[in-house]
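What follows is the residue order along each chain.
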Amino acid sequence: MTELFTDDRPDAPAETYDKTTTLEDAIADYVTDGSSVAFGGMGGRDPEAAAREIVRQEKTGLTVLDDARTTLLDIMVGAGCVDEYVGSWVGTSLISQGHNIRNAVENGVPHHLEMRDVSNFGSSLMFLAGAMDVPFVPTRSMLGTDIPEHNDDLEVIEDPFGSGDPLALVPAARPDVAIIHVQRCDPLGNAQIRGNVVNDHLKARAAEKTIITCEELVTTDEIREAPELTRIPFYTVDAVAEVPFGSHPWHCYGRYYADLPFYREYGLRSQDREDFLEWLEEWICPHEEYIERIGEDRLATLERMEGEINTPAPEGDRTPPADAANAEETHE
Amino acid sequence: MTELFTDDRPDAPAETYDKTTTLEDAIADYVTDGSSVAFGGMGGRDPEAAAREIVRQEKTGLTVLDDARTTLLDIMVGAGCVDEYVGSWVGTSLISQGHNIRNAVENGVPHHLEMRDVSNFGSSLMFLAGAMDVPFVPTRSMLGTDIPEHNDDLEVIEDPFGSGDPLALVPAARPDVAIIHVQRCDPLGNAQIRGNVVNDHLKARAAEKTIITCEELVTTDEIREAPELTRIPFYTVDAVAEVPFGSHPWHCYGRYYADLPFYREYGLRSQDREDFLEWLEEWICPHEEYIERIGEDRLATLERMEGEINTPAPEGDRTPPADAANAEETHE
Amino acid sequence: MSEQPKPTTDAEPTADQSTDTADEPANPLDVDRPHETAADYTTTELLAVAAAHEIDDGETAFIGVGMSLMSGVLAKYTHAPNCQLVAESGYVGSVPPGVVQSISDSVLGVDALVATDQCEIFVDNQRGAFDVGIIGAGQIDSRGNTNSTAVIGDQTYDQPKVRLPGSGGSNDIMTSCDRTVVMMRQQRRAFTTDVDYVTAPGHLEHADRREELGFAGDGPCAVVTDMAVFGFDDDGEMVLESTHPGVSVADVREEVQWDLRVADEVETTAEPTRSEVAMLRTIDPADVVLRGTDYVYEVEFDEWTETVREHWDELRSIHDDSTRHDTQ
Amino acid sequence: MSEQPKPTTDAEPTADQSTDTADEPANPLDVDRPHETAADYTTTELLAVAAAHEIDDGETAFIGVGMSLMSGVLAKYTHAPNCQLVAESGYVGSVPPGVVQSISDSVLGVDALVATDQCEIFVDNQRGAFDVGIIGAGQIDSRGNTNSTAVIGDQTYDQPKVRLPGSGGSNDIMTSCDRTVVMMRQQRRAFTTDVDYVTAPGHLEHADRREELGFAGDGPCAVVTDMAVFGFDDDGEMVLESTHPGVSVADVREEVQWDLRVADEVETTAEPTRSEVAMLRTIDPADVVLRGTDYVYEVEFDEWTETVREHWDELRSIHDDSTRHDTQ
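Protein chains in written order, with the UniProt record's numbering: chain A, 1 to 332; chain B, 1 to 332; chain C, 1 to 328; chain D, 1 to 328.
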């Protein structure tokens, strides 16, 4: 994990208020070779487009400091971008294993991937500690198992309050960059999430820099209509890029369903190194081109599917009462 | 604070699914003499009706294990219900001090009130630790000050990870009862909060038993329409009572504005012991009677005021699209 | 405010209780002779049904992807209509209309009671808020300690023989859920005398160890495989309790490395009913979990999407029927 | 999906930037000769204005109730339209149309960008996310250490001479905000050589102490009273920087127990402008903060509510004007 203490704590909010940029520029500006990176989502709302852009820009030596990761990690590992992974789970889908990850860990192809395991709650807590800027947060998870045995960053202590209970101390994670994909964001960086949040609110806070990619860039006034949904506030955000279908082939709650056949094909083609390299050749391209190649009809179908199962109330439906008297209806 | 470890951890969800009850029964069943109690809100969405019911039922020997507390604590202290307060701030409003609290602490009237101070973040963290069932959570707050000097429950240690930094360990609070007032709740105990949450989601989790009072009892299907607002889930709730205007004279975001003249009058009359006892005589009564005495017109005016400044999107407005094709509009 | 607040006692909303009771399982798909043993079922289907039976009505069930989710959804649609599903990605109380592809599958958001973050779910889990968890594993030992991290063999953790996916939530679930069900394939190499790496804590070294460590949960209560169902005795040792139809105790012993404890009376695992099998096949229309992984490659995108949507419709209509009672 | 996703470069929404700049303060109430010194203003109003000037445009300002909130709102409606207010109860970025009665006043929810919980606000605060905090106190010493807990006198913490409200968020703000402004009444008994209880950490025993403790914030940067404005030198000692019109350095020394350090050139605090005073009186229509506490007792409920609503309307219309630019 990154160093526990840094003197370069998050700066004051950016001098400029408009943080919008392109995906290309955001990755170029904030992800450098050797960076530690955390990604949002978890097999749903993952910043897949951003990860593909990292591969396209041929970043190397990355540490992925994260929780459970699916296709985006497997692709980056296969493409040689990643040296180390700290997290809780790797795979590519329901059944398919992370073939590139296994190949890297077991066989050193394309090069060795160092693994440091935590549990899922351990992941949450390392970002919570990072967000709080404290060295650690204690938990009972992972006690009695081999997880702390093989992860030197975890400490087991006896409760200083004298209960006699052991506690596992999960050290703070402070990734250089967090990349989070959300449904809506304004140019200031107020990111709103519908549905589950996973660890995204903590990752954005724990990271030195945060990139938001969003399905839809909205006005600040639209954000004000549902302030409860702003799980990532402007002051923790450095760059905002509008990236429609930025989670494809995964789900984006309330927007589109996962493209199962697409990532099952990935699972198949990533079993063999040559096939995987062909897959890279085929699908690593600017996001606009990727989306065009997936095709309008297919994307529209995925939207329709999601619309059939999840139709959240519109965020912006703060219809003011025609007159104040309407407030009286509250209890009628 | 309560003992750090208990063997009686929260039980499995109640066998019965319908947790609705009356305010009278909820207080009678869960608040016993000598209980430790945490209240929700903070000069807004406070469970004022529940606190008045505690006074009406003449509970004694209570510990209020809490954060910043306003009128409800002052009333309970003046009425002799409370022996100890652990928290961050006491007063009754913007300007008025907590006259009963001062009288109890400084002069032992009606009897001595023991105070144990923490900072506001300290309050949040003691409930976070309680919710997590860990002995403590570390913070940098309160270091270098007299707060830990006069609160033996706080420990200051050196970072076990070797940074050399001191850390204040905030011990877990596990109150016997949390009483939280919310806008909407279903009979299962899924409590939805609009606007700010303060520490309510943590208090409900940290407490052994949780009573929800709500402005409006709604169906479980209505809860499903805005799952992001369910800050307190059914499995942490033991009793649900519908108590309209349960926060009067304070605010209830999106429902009614604070009754400033009412609590300013309280501030005035609580300066003198005799006047306060008359106030008690006048206003400690079943909530239905209290509401009737405040008067329909006045309450309607407070609703109208709030309606002019805060008109949140209706929680239940998850209008399904007429047909699935509507989902396509998302990106048009 | 034209009328007085309603007295709190005559509240209209009623709790989310299905009219179905646990005693008389539902037959939501209107299957003919629903309670009869299914004529054709796969071992995987038997496994899913056996695991579903571990969830009691009214419980909170912490479920994951794949088989674990299948069992949870099956329980909810059959004998445990009032159980509530918990997914670590942040959903509670949802009514998934089908199998999920991932832990954040938006199918898990369908009609959820709570949409929150992972930290909050695990905070609640650590406090002991959840009744039963269902996990998978790559290896297990006689005390229910599981390995989902790495089959190390004669190699190292850093470069193991087989790198497995990792803990995910399995460590946290096994630590803190009141009880945990482990679903596995019955294989001798997996039922091992010594797991290569303990990912999730079973009954550890001795029966009191979990309590010494301050765990909220009681640890593994059952292991359900494609051959048998196991429980644990007071020592924390695994005990064979039932074998599936056609499987002998000897068959099971063959696939276990240690000297297996066996219950005095080993029963035969209840076979899936017609209703249960029909429901499972509705939950997994693309046969993603139940019957291999090839179907989705054999069909075009369009056929996949149509199949999925048809089955969603079917399950959604069942849910609408069953919840109609609490919204009238 | 009838059209391609928009290229990310021609996004329509624009940032929440007022057209007013910090150089040319706004005059939202259309006051005549807005930048002239106000003819009549109270000392409390001068204090509020002086504190408001401590907030720069574009900053995040962690504010409380009463004077602190008044200053924050004033700054937002005048020289710092892009500052964002943070309230510990869980609101960020709101545009309160008036004075608040409490930290959860729903006026603080008006047009908020974020509605969250207190723990999350303080998590962000501890990480150093906020630029400037404004707090009050009962006592202060020469190093800016404040007491809001108890005036103990010759008694004890358990039974002090005067029990004050307690830390509230003041300890957390002073620990972690980049810089903190303290607002107080200038009284000899309050500006003391030795505070009875250190509630919030100023510059502590020596200049490096805060860094040794690992604090994210730089501590108190200014103390604003009804007589003067103080800064702090590199040693962490309070320095008199300006006195209010009509107040001499000697007058201030009279109200400070220790040997006060005084800047080489003590300035006269800028007087409030006509625009600023008009705005303050619009923010506090019931004179709750600015001019005593009696008004609200003298009027009936109906007059109070009408007054409040009138002024809300006025401030809301200003906000609507100023944000119209970003919603076109």
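You may find that some hints are simply not true.
[As the list claims (entries may be wrong)] Which residues of chain B face chain C? A few of them, derived with a C-beta cut under 10 Å, are:
hint	residue
1	Y17
2	G108
3	H112
4	N190
5	L202
6	Q271
7	T311
Hints in this document: simulated from the structure, not taken from any laboratory. Source: prediction; values computed, not measured. All C-beta atoms in this analysis are idealised placements derived from N, C-alpha and C, irrespective of residue type, glycine included.
Q | Hinted contact T311 of chain B with chain C - closest CB pair below 10 Å | A | 17 Å, violated
**Q.** When the least beta-carbon distance from N190 of chain B to chain C is tested against 10 Å, hint result
**A.** 5 Å, holds
(Q) Is the interface hint satisfied for G108 of chain B? The criterion is a beta-carbon contact with chain C at less than 10 Å. (A) 38 Å, violated
Q: May I ask you to test the interface hint for L202 of chain B with respect to chain C, counting a Cβ-Cβ separation under 10 Å as satisfied?
A: Cβ of L202 of chain B sits 9 Å from chain C, so the hint holds.
Q: Answer holds if the nearest beta-carbon of chain C is closer than 10 Å to that of H112 of chain B; otherwise answer violated.
A: Hint violated; H112 of chain B Cβ to chain C Cβ min 34 Å, cut 10 Å.
Q. Is the hint on Q271 of chain B kept, meaning its closest Cβ partner in chain C is under 10 Å away?
A. Status violated, d = 32 Å.
Q: With a cut-off of 10 Å on the beta carbons, see whether Y17 of chain B makes it to chain C.
A: Hint on Y17 of chain B: holds, closest Cβ of chain C at ~4 Å, below 10 Å.
Of the numbered hints given earlier, the model fails hints 2, 3, 6 and 7; all others are met.
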